[in-house]
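**Student:** With the hints as extra help, turn the sequences into a complete structure.
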Amino acid sequence: MNELIGRVFSFEKTVFPNQSDLYGKLATQGQSPKALMISCADSRVVPEHIMQAQPGDLFVCRNAGNIVPPFAQKIGGVSATVEYAVMALGVRDIIVCGHSDCGAMKAVAHPEMVSGMPNVAVWLNHSDAAQKVVADAYPGLEDAARIRAISLENVVAQIAHLRTHPSVASGIARGEIALHGWFVDIHAGQILALDGTTDRFVVVRDDTPLPVAVKPAQRRAADFDLVEAAE
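Residue numbers for the sequence shown, in my numbering: 116 to 346.
Honestly, the hints are just simulated from the structure, not real lab data. Among the clues, some could well be false.
[Stated by the list, open to error] Result set (DSSO-like, lysine-lysine): computed pairs, CA atoms no more than 27 Å apart in a straight line:
{"#": "1", "residue 1": "Lys247", "residue 2": "Lys221"}
{"#": "2", "residue 1": "Lys140", "residue 2": "Lys128"}
{"#": "3", "residue 1": "Lys330", "residue 2": "Lys149"}
{"#": "4", "residue 1": "Lys247", "residue 2": "Lys189"}
**Tutor:** Shown next as structure tokens:
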């Protein structure tokens, strides 16, 4: 803690004075973050550091396993954060970000790891789809490869959960919200992104367009000509 407190003093004496104009603007004009990032609480994966973000750039929600519970009529911190980001802040890009060597995904693969942690065990039930997909569709994987596959499929599963939230579903239908699935490979120092066209994760490169899981495009399922004719 002494080391951390020392950094607080450093912020007050060095960082803040050098960015006082930015903090002053944020204090008086409020925030307009460019994206919502839902990432793991793992201390090795810091969204602001990865994206080289300045204060005010990102709206961040972190939890064990970068999980987004499906929408339900009950209080939940992740659900409230998503709703506020979309409806109050007008965020148009939402990123679900997983990572390599994830302890939560190891526990999904090996539930006995959290046998004495009832809250964690229940929370990780939101990743059951990822575990089931890997168990049935990725036969014969060694343990390390299986955990990596679960981690990647978990991002896909959480994006599916995200789409059940009314504010997100509405934004997608209006063509105003894009969803992104990212994976931080800590060992390689790379970011992988989910390509919604191929449904595969690919390494993000600065000379190619950023892969997007769900692109912003107006979507309406109803055929009103047929509805009117039926009436």
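**Student:** Does the structure break any of the earlier hints, and which numbers would those be?
**Tutor:** Of the numbered hints given earlier, the structure breaks none, since each of them holds.
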